[in-house]
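A.B. asks: Residues per chain, in single letters:
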Amino acid sequence: MDLFIAIFTGTIIAATPLIFAALGELVVEKSGVLNLGIEGMMLMGAAFAFWAVIAGLPMPVAILAGALGGAAASLLFGVLALTFLTNQYAAGLALAIFGSGVSAFLGRGFGSAPIDALDRVSIPVLSDIPVIGPMFFRFDPMVYFAILMFVVISWFLYRTKGGLILRTIGESPETSHAIGYPVIRIRYLAVMFGGLMAGLAGAYLSVAYTPLWVENMTAGKGWISLALVVFATWRPLRVLLGAWLFGGMTILQLQGQALGLAVPSELLSALPYLATIVVLVIISQNRQMLALHFPASLAKPFRPAT
Amino acid sequence: MRIAAPVIATILTLFVGSLMFAGLGYDPATTLQAFFITPVNSINGLSELLLKASPLILIACGLAVGFRANVWNIGAEGQLVIGAIAACGVGLFYPNPESPILLPLMFLAGAAAGMAWAAIPAFLRARMNTNEILVTLMLTYIATLFLSWLVHGPWRDPAGFNYPQTALLPAAAMFEPFDYAYRINGSVFITVAAVVLMWLFTDRSFLGYKMKVSGAAPLAARYAGFRESSAVWTGLLAGGAAAGIAGMAEVAGPLGQLSPQISPGYGFAAIIVAFIGRLNAFGIVLGGLLMSLLFLGGEAVQMNLGLSSSLTRIFQGILLFFLLAADFFIFYRLRRIPEHA
Amino acid sequence: MTPRLELRNITKSYPGIVANDDISMSIMPGEIHAVLGENGAGKSTLMKIIYGAAQADSGEIWCDGKPIEAHNPASSRALGIEMVYQHFALFESVTVVENIALSVSSTFDLDTLARQITELSNRYGMPIDPHRRVHDLSVGERQRVEIVRCLLQAPKLLILDEPTSVLTPQAVVKLFETLRQLAAEGCSIVYISHKLDEVQELCDSATVLRNGKVTGTAKPKESTSLELARMMVGSKLPEMHVSASVPSDKPVLAVRGLSAPARDKYGVELKNVSFEVRGGEIVGLAGVSGNGQAELIALLSGERTHSNALAVHIGGKAAAHLNASERRKLGMAFVPEERLGRGAVPPHALWENAVLTANRHGGLVRHGMVDRTKATGFARGIIERFKVKANGPQASAQSLSGGNLQKFIVGREIALQPKLFLVAQPTWGVDVGAAAFIRQTIVDLSRAGAAVLVVSEELDELFEICDRLLVICQGQVSPPLIRTNTNREEIGLLMTRVDRGNGTNGRGEVAVQD
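Chains as they are written, first to last, in our numbering: chain A, 967 to 1272; chain B, 116 to 456; chain C, 6 to 519.
Derived from the structure by calculation, the hints contain no laboratory data.
Bear in mind the structure is a predicted one, so any value in this text is a computation, not a measurement.
Ideal Cβ positions, reconstructed from N, Cα and C, are used throughout, including at glycine.
There may be inaccurate statements among the hints.
As the list claims (entries may be wrong) - Facing chain C, a subset of chain B residues (Cβ under 10 Å, in silico):
#, residue
1, Leu-315
2, Ser-320
3, Gly-323
4, Gly-340
To be verified - Residues from chain C shown here face chain A by an in silico Cβ test under 10 Å; the list is partial:
#, residue
5, Ser-80
6, Ser-81
7, Glu-97
With the rest of the complex left out, here is chain A (with noise of 0.2 Å):
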């Protein structure tokens, strides 16, 4: 039962990294731009969230850091994206690279010494059920936090005008011009937006999931969110379930030990990778389901006409 309940708990932290990375994502591509970037980003989050740490601000405001660092980072993505029209795909890549490169640099100050996690809470009463309560209500409070994301942005996208605009511009940027929606600065938000979440989860990893410097951290947590939103088929809901799905992969391959699996722990490690590739393959299968909910603009530079 204990193993049980450690792993279903490991399964949801692991997850939450990839649900705020994954939801920014999903958010970013419904307005039809692809950051290819995320690792960057969440890279940025990380270093700037860490850093705060160490230089003794609390831990909101470090995590804010890290937020905004992703955030300030989407900036440099979105200006070549949105403003100077280039492939998006080379401007992903551009920013995942310098990302890299920029939280490296920031981290060689940083040691090797761990830091203070961030603290779980013990929701009063709740936290005290049997099985139910260690389950449930003895998270940090980032945990609650992304479930909310994931309602608010749910709700956002199909409940609100906001997010029909959004939705609608990532059909047809055209369109939206032309019915007089400041397309430009729509996206910029959304992608600013997608910087925010996936600086959250980066500061997450540094913060709370691993409280420790290493260079390169994210390890393709970035690039597996990108994952996850096709896997989706761009769905907030699918978003969550496929990233608690790729959590348990993760708690698995930390957990394997433990279960008394006799194989080298390099496949374990490969197991969250592997299975990207599965899931991926599977949900090309269905281009039906794929074009779905598929924003038509996704990738394709616009230019309102004057």
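Take the given structure of chain A and dock chains B and C to it, following the hints.
C.D. replies: Below, chains B and C alone, put in the same frame as chain A:
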């Protein structure tokens, strides 16, 4: 016009670089000199420049073939690793370690392994409609883990004091340096041949033409009856072969054995090289030299000034940012498509 | 009385062309005013300027006696100016009511809005269901959505850009009733068209444009077609020479029982399509856009292949499983609807674009290598023979005007000496002179023995050059009609419904060629 953007981007990168150094409290002039001049101020420096530029140019040539057709292989790093593993395996386990055909066999093994690794995303994209960006990347992580398992486990040198590395390759499995004072060796000729081949292929051949059309206007390619799957296969296999050969040349050249870290990110940097070179063979040569200089500079300032070598990646990123932005001003502003009423 | 809208000396240039040159006009409340002109005369640009979707370089716009400043679509709507685009500004993936909610400024209350839509659309005799997704709607229904969207704002001025180009003749009659009702309620209407008969039937006054300039004003109901046509196209009206056709014995293109499922949610399913095209004749395919033309032409050109090889025969050979390049070996050539990005690669030079389809001809490609000299010569030949205005074979495809690029593509395909020539929307967005030239070229090609299939939404064009006509509706193709024995009304009826099973349609005679 075609070379204006890279030149402007390079100048702007140097400018931002000096600002950055100044901001960090270093004298920009000295630092820039330490970064860009000192490393190549000697014959050994030039040898190192070519040694590092060679895999970058080789891989970028292969990748550019795919990029021209909008086939986004960004997992060259993984293909390089697999190529190096295969080549090293041949070098270590071929029955006759003095055979003259050992090196050619390793070359073939490296190329074949790189292509095989790239064939996975090619098959998945061509037959299963699966995005090659994510698959090539995931395979890079898997390749690195595979390498790590090999050098920690079955291939670890029993006489290697428990270090995670293989035994050294026999002499017949190594490229012989031109001069033992320097590390540069005959594998640069492979790169030279690749540049010429790439130029012939992209600029003169019909298959290269078809791939250019696939990239610039997929609907036009379909209209003309060019198969998309052949562009996908050609693009990915070219990149895989180039990266595999580069991996072979690393292990049979400066490395001499496998260890968990065999590439300082050549596979990723080559993507930037391909873009700086405008996906054009001779542009890629210049881009590769520039990128190699960034690597050397990063190492040099780390050694001489105690700065982090991660500066290299920052410079790479900034350079690519500026290049993409400069493209906009040069190509889009000046050659805007007239809109008709 | 103050004019509802007044334009004073509007000028607008784009790189290379002056789209509007010193245009002035005024429209009174309740007036239906036509802006008449050929393709490329500058009508659409002018409308975008009125609506604020584009900014004039100079000149003034006055509305109800006040100048409009800081002009954009939002400020236009605030003034009561609404516009129905030629290519609708609707999003396919969301519902009617969501589409409309995007352009009204009221609070986001879809239920109330849906009730208003139902009520208003019924009042003007064009009912629509607010909760349907736009991609499920026919083109005519989409236009209703656009118009209802405008009407919800209680507009003072309504702009319609070529509203009938996607409608059947019957739907046009309905639309005109609605517009007259609106005008009677005091709404001014700007009606953009190149169709004289419609303008004469509907409009109170007209401003005629040619090459971006006003060439005259008229009361259409009191003017003759000839007078209006002169103003539109200048003194010389191009003439066509269409000689009698001598069809070959065997069909060059035979389509037999071709069925294909819709490819995606916006696609159309093709149902049991059968027809033949013989050498020496021109067969036209009429239909309202979005009824399966795109799907059919892709299956004929080989851009989409079919598992049943026998469904399409070219020159007597089963060809439905072949791709475009393999079909070209059988003598097919094809001019697609989209010139940039499909018929030509926009940034590539004309000589490179020649290689696109002519790679099997005249040694342009040998031993797997492209012969640049030969390709350049080939492109130069097309430029000269088809009078393409271009800066030589090195000019990029995107640097050419629509008409000249179309001439180049038509020329390239004809230079391949096809036995079967497929062409979609041959004269869309092409100026009058080039259009006449292209049509004549197509006729000449057929008279030299080629089988020609023309897909067009312009009935005038089809009636001008075709020997036989097919009508496509909801993925079904009617039996062929002989052009001289049918008329627009019959085609119009077929455009909205296809009788299944029996061999005859409407009142026309079924063409029997044997």
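A.B. asks: A separate judgement is required for each hint: does it hold in the structure or not?
C.D. replies: To see whether the hints hold, each was checked on the structure:
1. Leu-315: holds (8 Å)
2. Ser-320: Where the cut-off is 10 Å and the nearest Cβ of chain C is about 6 Å from B/Ser-320, the hint holds.
3. Gly-323: Status holds, d = 8 Å.
4. Gly-340: holds (3 Å)
5. Ser-80: With a closest approach of 9 Å, the C/Ser-80 hint holds.
6. Ser-81: holds (8 Å)
7. Glu-97: Interface hint status for C/Glu-97: holds (7 Å vs cutoff 10 Å).
Violated hints for the displayed structure: none, as all numbered hints are satisfied.
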